[in-house]
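Chains A and B supply the protein sequences, listed in that same order.
158 is the number that the numbering used here gives to position 158 of the first sequence; each next residue is one higher, with no gaps.
Numbering-wise, the numbering used here comes out as the position in the second sequence, counting from 1, plus 184.
It is worth saying that the hints were derived from the structure and are not from the lab.
Be careful, since some hints might not be right.
What the hints assert, rightly or not - The calculated EDC-like cross-link candidates involving lysine to aspartate or glutamate, where the alpha carbons are at most 20 Å apart (straight line), are:
#, chain 1, residue 1, chain 2, residue 2
1, B, K296, A, D25
2, B, K209, A, D25
3, A, K99, A, D118
4, B, K296, A, E175
5, A, K103, A, D25
Stated by the list, open to error - Which stretches of chain A does chain B cover? Using the computed rule of at least three CB atoms under 8 Å from a CB of chain B, they are:
#, stretch
6, 21-32
7, 142-149
Think of the CB as a built atom: it goes at the ideal place given N, C-alpha and C, for glycine as much as any other residue.
So the chains spell out like this:
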Amino acid sequence: MRALAIIMALAATIPAQAESPLPFDIGGPFNLVDQFGKKRTEASLVGSPSLLFFGYAECQAICTVALPRMAETIDLLDAKGVEVRPVLVTVDPVRDTPKSLRKAAPRIHSRLLALTGDETALAAARKAYGVESEQIGEDIEGPLYAHGSFIYLLDAEGEFLTLLPPVLGSERMAEIATKYLIKN
Amino acid sequence: MYRTVLASLALSALAALPAQAAEGKRIEIKGELIDTWCYFSGVMGGPESVVGTAHHTCAMWCAAGGIPVGLLGEDGEVYMVLKLPKDDESNGGETFLTLTNDTIEAEGMHYKRDGINYLVVSEVISNEGIPNKTHEDFGVIPGNTIPKSIVKEVLEEG
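Sequences and hints are given; from them, build the entire structure.
Given below as structure tokens:
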């Protein structure tokens with residue numbers, strides 16, 4: 001019961017005056033390719049708002065929480081008439097090739113833009129968005145990575161709006177996103 | 185040893201925090217660094233059982249897997265930790281994993297956004313280790329986080 005109360009408290013709507021800007025500069029140039037082999041840059045994030053997450057398709061840790069929640073949030077926003085593009089930038093260039101992402105992406109969300117590239121290009125993208133990633137081991141399936149796990153809400157210009165901790169429920173993520181996107 | 189190995193794997197929630205004017209508030213805060221997934225989701229039981237020694241192993245794995253670490257303050261609020269200092273000269277090089285479930289006193293910048301507290305720790309002022317001996321009431325949560333080698337050792341001794 002107390003857990004529920006805490007979640008409710010975390011989810012409570014906070015007046016606008018309680019907001020404070022976060023101390024980082026998120027976003028910047030990147031040169032990646034999508035699951036269809038098409039070149040993608042930061043300009044690809046212009047045109048509609050995005051939820052952006054760094055992870056990998058074979059991740060058995062935080063991605064199994066964050067990616068379904070991101071997808072559910074997209075669907076909740078769709079139901080509100082707010083179309084947002086889900087974006088995954090892989091941290092696993094070995095396994096997340098365009099070909100493999102073409103199979104994996106629809107399992108996450110039908111509109112997922114899945115981005116990959118070589119290690120240098122992915123490192124540049126991580127740097128632009130302030131995301132750390134490190135290979136922590138390897139199992140029979142391949143490398144295991146630890147990586148940053150916050151979801152970024154970007155506006156239709158690709159500019160950072162806010163962070164969404166992956167421990168939030170999709171309803172709360174959609175509520176926060178709606179607040180920003182309707183305002184913007 | 186276990187913690188030492190895992191410590192090298194610890195990652196900050198956000199890597200880059202460029203110097204930039206921001207309307208945060210400098211605070212000193214004392215509390216326990218917790219696993220926010222198990223704390224908020226309730227999947228492992230009530231919040232009392234997923235703090236302290238009872239949940240320490242799981243919390244380290246969650247942190248290694250990317251679950252954001254939070255600081256459960258004495259005020260009962262959870263502060264999502266965006267950054268812990270790594271500089272050996274300033275704070276002993278502590279990272280998320282080496283500090284998991286430790287009760288620390290920290291100085292840093294507090295940001296409140298979307299109803300969520302965020303904390304960028306600039307300095308760990310003191311560290312009490314893990315004084316919260318919850319295993320005495322709850323055992324190990326979840327039980328399967330006891331390393332098999334330890335279970336075998338205990339059984340053989342016992």
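The hints, checked one at a time:
1. K296/B with D25/A: The hint holds at about 17 Å.
2. K209/B with D25/A: Within the cut-off at roughly 18 Å; holds.
3. K99/A with D118/A: OK: K99/A and D118/A at ~14 Å, within 20 Å.
4. K296/B with E175/A: Since the Cα atoms of K296/B and E175/A sit roughly 16 Å apart, the hinted pair holds (cutoff 20 Å).
5. K103/A with D25/A: 33 Å, violated
6. 21-32: holds (count 5)
7. 142-149: Holds, because 4 residues of the stretch 142-149 of chain A bring their Cβ atoms closer than 8 Å to Cβ atoms of chain B.
The structure fails to meet hint 5 from the earlier list, while all remaining hints are met.
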